[in-house]
Amino acid sequence: MAELDQVSDQSSADRKPVTLDQQSIGRLSRMDALQGKAMAAALEVRRRGRRARIVAALHRLETGEFGYCVDCGAFIGTGRLDVDPTSARCKDCTT
2 MAELDQVSDQ SSADRKPVTL DQQSIGRLSR MDALQGKAMA AALEVRRRGR RARIVAALHR
62 LETGEFGYCV DCGAFIGTGR LDVDPTSARC KDCTT
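Quick note on numbering: the numbering used here labels position 85 of the sequence shown as 86, and the sequence is numbered without any gaps.
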């Protein structure tokens, strides 16, 4: 979680608005900057989602519900949890 927060802080400048001043930046460079900004914003959304899943998994761990499906209550399975410890649903409820 700390690593996600650190990367988020470091990349905040990449998500700032791109200036419209065409005197200081060419059209193609501006398009490049806009694309870079969009990619940085999309990565930030993914980081926030990952962080939220980690927080939820830690909460389930504290309450003794870790490893059990939040929908049906069945055991998720160690293989699935080994791949993604933040899994909140069993394979039947995921599909």
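The hints are simulated quantities; they were obtained by calculation from the structure and are not laboratory data.
Just so you know, these numbers come straight off a predicted model, no measurement behind them.
Here a beta-carbon is modelled for each residue, glycine too, at the ideal position from N, C-alpha and C.
A couple of the hints might just be wrong.
To be verified - Here are the simulated distance ranges between beta carbons:
hint : residue 1 : residue 2 : range
1    : THR95     : ARG31     : 38 to 46 Å
2    : LYS17     : LEU82     : 14 to 22 Å
3    : THR96     : ALA3      : 30 to 38 Å
4    : SER30     : CYS73     : 51 to 59 Å
5    : ASP72     : ARG47     : 21 to 29 Å
6    : ARG61     : GLN36     : 33 to 41 Å
7    : VAL56     : GLY80     : 34 to 42 Å
8    : THR64     : GLY37     : 35 to 43 Å
9    : GLY50     : ASP72     : 17 to 25 Å
10   : SER9      : VAL84     : 23 to 31 Å
Each hint tested on the structure:
One distance hint, 38 to 46 Å for the beta-carbon pair THR95 and ARG31, holds here, with the actual separation near 41 Å. Distance hint check: the CB atoms of LYS17 and LEU82 are about 38 Å apart, inconsistent with the given range 14 to 22 Å. Checked against the hint of 30 to 38 Å, the C-beta distance between THR96 and ALA3 comes to roughly 33 Å, which is consistent with it. With their beta carbons about 52 Å apart, SER30 and CYS73 fall inside the hinted range of 51 to 59 Å.
At roughly 23 Å, the beta carbons of ASP72 and ARG47 sit within the given window of 21 to 29 Å. About 38 Å separates the C-beta atoms of ARG61 and GLN36, a value consistent with the hinted range of 33 to 41 Å. Hint check: VAL56 to GLY80, Cβ distance near 23 Å, so the stated range 34 to 42 Å is violated. The supplied range of 35 to 43 Å is met by THR64 and GLY37, whose beta-carbon atoms lie about 41 Å from each other.
At about 19 Å, the CB distance of GLY50 to ASP72 agrees with the hint of 17 to 25 Å. Taking the beta carbon of each, SER9 and VAL84 are about 24 Å apart, inside 23 to 31 Å as hinted.
Against the hints set out earlier in the document, violations occur for numbers 2 and 7.
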